[in-house]
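**Q** Take a look at the letters that make up each chain.
Protein chains: 2
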Amino acid sequence: MSKKIVIIGGVAAGPKAAARARRCDPKAEITLIEQGDFLSYAGCGMPFYIGGMVKEHQELMSTPVGIVRDANFFKNVKDIDILSRTRAVKIDREKKEVHLVNLNTSEKSCIPYDKLVLATGSTPFLPPIPGIDLQQVFVLGSLNDAVAIRTAAAEGARKIAIMGGGLIGLELAESLKSSEYDVEVYVIEMQEHVLPGMLDPEMALLVEKHLIAKDINLLTSEKVLSLEGNNEGRVQRLVTENTSIDVDMVVISTGVRPNVELARAAGLKLGQTGAIAVNEYMQTSDPDIYAGGDCVEGINLITGKPIYTPMGSVANRHGRIIGSNLAGGRETIPAMPGTAIVKLFAMNAGSTGLTESRASHMGYEVISFICPGPDRAHFYPGNNPIIIKLVADKKTRKLIGAQIVGPGDVNKRLDVAVMAISMGATVDQLANFDLAYAPPFATALDAMTHAANSLRNKLDGLAKSVGPLEVKEKLDRQEEFILLDTRTPKEYQEVRLPYPNVIHIPLGQLRKRSSELPKDKEIILFCKVSMRGYEGQLLLENEGFNNVKFFEGGIAVWPFEVDTTKI
Amino acid sequence: MSKKIVIIGGVAAGPKAAARARRCDPKAEITLIEQGDFLSYAGCGMPFYIGGMVKEHQELMSTPVGIVRDANFFKNVKDIDILSRTRAVKIDREKKEVHLVNLNTSEKSCIPYDKLVLATGSTPFLPPIPGIDLQQVFVLGSLNDAVAIRTAAAEGARKIAIMGGGLIGLELAESLKSSEYDVEVYVIEMQEHVLPGMLDPEMALLVEKHLIAKDINLLTSEKVLSLEGNNEGRVQRLVTENTSIDVDMVVISTGVRPNVELARAAGLKLGQTGAIAVNEYMQTSDPDIYAGGDCVEGINLITGKPIYTPMGSVANRHGRIIGSNLAGGRETIPAMPGTAIVKLFAMNAGSTGLTESRASHMGYEVISFICPGPDRAHFYPGNNPIIIKLVADKKTRKLIGAQIVGPGDVNKRLDVAVMAISMGATVDQLANFDLAYAPPFATALDAMTHAANSLRNKLDGLAKSVGPLEVKEKLDRQEEFILLDTRTPKEYQEVRLPYPNVIHIPLGQLRKRSSELPKDKEIILFCKVSMRGYEGQLLLENEGFNNVKFFEGGIAVWPFEVDTTKI
Chain E
1 MSKKIVIIGG VAAGPKAAAR ARRCDPKAEI TLIEQGDFLS YAGCGMPFYI
51 GGMVKEHQEL MSTPVGIVRD ANFFKNVKDI DILSRTRAVK IDREKKEVHL
101 VNLNTSEKSC IPYDKLVLAT GSTPFLPPIP GIDLQQVFVL GSLNDAVAIR
151 TAAAEGARKI AIMGGGLIGL ELAESLKSSE YDVEVYVIEM QEHVLPGMLD
201 PEMALLVEKH LIAKDINLLT SEKVLSLEGN NEGRVQRLVT ENTSIDVDMV
251 VISTGVRPNV ELARAAGLKL GQTGAIAVNE YMQTSDPDIY AGGDCVEGIN
301 LITGKPIYTP MGSVANRHGR IIGSNLAGGR ETIPAMPGTA IVKLFAMNAG
351 STGLTESRAS HMGYEVISFI CPGPDRAHFY PGNNPIIIKL VADKKTRKLI
401 GAQIVGPGDV NKRLDVAVMA ISMGATVDQL ANFDLAYAPP FATALDAMTH
451 AANSLRNKLD GLAKSVGPLE VKEKLDRQEE FILLDTRTPK EYQEVRLPYP
501 NVIHIPLGQL RKRSSELPKD KEIILFCKVS MRGYEGQLLL ENEGFNNVKF
551 FEGGIAVWPF EVDTTKI
Chain V
1 MSKKIVIIGG VAAGPKAAAR ARRCDPKAEI TLIEQGDFLS YAGCGMPFYI
51 GGMVKEHQEL MSTPVGIVRD ANFFKNVKDI DILSRTRAVK IDREKKEVHL
101 VNLNTSEKSC IPYDKLVLAT GSTPFLPPIP GIDLQQVFVL GSLNDAVAIR
151 TAAAEGARKI AIMGGGLIGL ELAESLKSSE YDVEVYVIEM QEHVLPGMLD
201 PEMALLVEKH LIAKDINLLT SEKVLSLEGN NEGRVQRLVT ENTSIDVDMV
251 VISTGVRPNV ELARAAGLKL GQTGAIAVNE YMQTSDPDIY AGGDCVEGIN
301 LITGKPIYTP MGSVANRHGR IIGSNLAGGR ETIPAMPGTA IVKLFAMNAG
351 STGLTESRAS HMGYEVISFI CPGPDRAHFY PGNNPIIIKL VADKKTRKLI
401 GAQIVGPGDV NKRLDVAVMA ISMGATVDQL ANFDLAYAPP FATALDAMTH
451 AANSLRNKLD GLAKSVGPLE VKEKLDRQEE FILLDTRTPK EYQEVRLPYP
501 NVIHIPLGQL RKRSSELPKD KEIILFCKVS MRGYEGQLLL ENEGFNNVKF
551 FEGGIAVWPF EVDTTKI
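Chain order of the listed sequences is E and V. Take the first sequence: its letter number 129 is residue 129 in our numbering, and every next letter is one higher. Take the second sequence: its letter number 303 is residue 303 in our numbering, and every next letter is one higher.
Isolated chain E, as found in the complex:
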């Protein structure tokens, strides 16, 4: 008799598991249950649909050649039965059946299974504040939500507040601001910086600077207390601890929670993060029940601890592994570094592994370096800067995190970091990979190679450096020290740090003019990207100065009172 496979959830992991199971087991009876209207759609595309960059929501449910993945498609092409608008309400593990309700007819039924898959996804988190149920307050959890948000913008919402400055919140902010509608966009983030968990503060500051330059009204460290409505019950004001904003639409984007009710009621084990616990084969505590996608937790490659990563890419990997294993395979999901990337106007920002803050917080002895550079040969037209921050374990010299931001090609370097972390490379190894080079694609020593070498110099005690935030704190405390600008007179003319303790000596003159500097004061050098700052540090040390360092990234990454667009 053929195997009965039942899959609950029709967005990403579910359809992928179904399709893969079909390929591996042509005889299985496969049924997919979905409570919503839409099947197998690209949830990650929703922000782009809302802003109109993706014209029709059908594009998010189509194959690359434009075939819509509806129930007919699954039946005819893949011989998979679809029960849509159907909710799974209970799993009977003893009888091995799932209780169903048809949401159109309220009809109840049961479906037996040999193997069951939970791909129940996640639900947007709703903060417990008054006014959350007003009209024109949206979440972005499903394609229906996306259609509703786009419709509201089309119907005239012009002052839009987005609660939450994470990946989706910021993508949505960009998309709405770039749409055909002339909207004011507010982003309100409770944490000190946007993209919390993904970027360290000095890197997040660079993203924030860009968002502000693109006319996004950004409020960080702001807790929303309530939403207030008008007489018709439509939202008209958002109130925080410090201010209030007139709005005619609010989108709540404060993260998602895994849908685990079915699993919990069936007695399946939940993990530390609250999501369903699965083993490396993606099996729940019941070996006949698999789970994948936004409803499960994974393992962080570096810490070995559970992590919750509700991402489309992860869900698709889960789906394939589950599909193989449903058909008798033994495929395993590896622990992962946790990778994210986002495009925000002309700025790209990516992160993998641990941030420095998180790694330090977890007790790692870390060392980091911030290194800006062009993404391709500086003489090749169209080159753009990227700023790489590498984080390594001081003892093992292994890379444990990377953050990359900038208008340049972040994408390529982020995957190099993903691969390095995943394969356990040290920064010494990272410095010598035979990466792709030609002037249109990279610099002769790629930006990642350069960043790795810089971090090695710091690890080896050759480079003595501090980050921009430490310098800013020293300035704010009005400490006595010299900020030594080693750039050319032309560069100094164009833009400079506006602090009284700045001295300007171009690197080419520093050897001759070092006697102008006091030996008893701390000197912190910098240039555009602090390469000359580093050379200057070595030069001054050789001249007998013993309290010199440079600040990482130079003026190019100074996130404070400087218009770095002029650099």
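Among the hints, erroneous ones may be present.
Unchecked claim - Lysine to aspartate or glutamate pairs mimicking EDC-like chemistry, simulated, CA-CA at most 20 Å apart:
#, chain 1, residue 1, chain 2, residue 2
1, V, 75, E, 92
2, V, 394, E, 331
3, E, 3, V, 261
4, V, 458, E, 331
5, V, 90, V, 261
6, E, 75, V, 288
7, E, 521, E, 561
8, E, 27, V, 543
9, E, 458, V, 288
10, V, 75, E, 133
11, E, 398, V, 331
12, V, 27, V, 81
13, E, 395, V, 261
14, E, 490, V, 59
15, E, 269, E, 92
16, V, 3, E, 541
17, V, 27, E, 541
18, V, 3, V, 261
19, V, 474, V, 561
Simulated from the structure, these hints should not be mistaken for lab results. It should be emphasised that the depicted structure is a prediction, and the values quoted were computed from it without experimental measurement.
Fit chain V to the given chain E structure using the hints.
**A** Coordinates of chain V only, in the frame set by chain E:
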């Protein structure tokens, strides 16, 4: 007493070694000897300078902030003495000194060393044919050559033949064709395909198709017999075995040879490739003499055999390692996969590791797969196709080669392959890395993930496939088989394979209409990218067909009689 470091060669590895040695050893006396006029320039930028994309040749010798790296720069900033226009004519290893000649004054001198570095580079190979010494026949070996070629184009050369369809020859062809001059460009390659050693034939064919579409006159499998001149000794005709071309300028780009005369005369060991042999510390057979850049050979990571890779990226890595070791370090150069990438008009082409042809030739039992796909979410505007060919060792399942071509983002995926090969990843591992994903940057399962999964399917016997060349050979032999096109009627309407044995049944109808197909004939399925071809193979097998397969890449990579720009 301070260490005397002498470095011969001032382009890439030499200056890098000098600068790094200075940083690691502030007291050393460092002298750099260069016979040419220019120091520390980006040789890889020369093709772009010739076409005018890089405006001034000085840009190739400048730092990213526009400081020209001349002798003053090296002295003032780095305390490195430069002897320019000076040739090293002999190394006296017993006395530890180098004999020099000043090329301006013919004055002879000697310079003592404690440590010596050979960064003597390479010289363009000149094929032994008549007419090679005619006027308007150029090589591209130095910045002087680049200036001469650009001047010749500016002065009216309009029919330009490039001998050699390798990386530099093709970059030069693009650059000249894209320049402000209305030139006819011929590329003559002796081998069967362009980019030999870098791409397998079916991948090279795609590049060739693009070059031809961009009006490059491409002659492959053509051996140049002679160049003929006019009365004034200017080249006017290029004669091959099969044809002759009127030309008014010829650039010879048939590879380079390492400059090893100094080393050979000094009794230093040369390697199998003819370049200087070095150990992992970049020391020659004399431990006080290091060598790096285009004059040395490296080790191929996969074969363990010597390879000669005269690349700017490699030279820079050599330079840093030598610089560290001159100052007492013990840095090592790893074996490398051998990576190359090139932009040709709207097409990018990259390769790392072994091609399938080369690996088979060397006795590896290989398995490969060709997999096209979009470089970012198919609904995200501006997505472009890339075509990935992966080559794996059948026994170990390790990735040993990757070739990627297409208008899309080849760069990112090539580095993923470089990292996978360098770290010894299997294709199973490659399929589950947590690569960067968001719709503007990738597909939910990245093209590389998808390619790796496809190759796993083939390795596991699930996918049964052949490459496009095998299909073409069957067609040419007029074998009896069915080419089953599983695309939609609309796709079939737009473009189709023009062969009589094509049958068209869309995948969605295949389950119902399989009885229309004969069970006793070989059936080769395809679609746009052969995903549906693969599904069709599985479907037909399940219906009792036992001689079905699909051809890899589908119509999207069919390099023959189809206008794939319409797909």
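**Q** Return the numbers of the hints above that this structure violates; sort them in rising order.
**A** Hint check: 1, 3, 6, 7, 9, 10, 13 and 18 fail, others pass.
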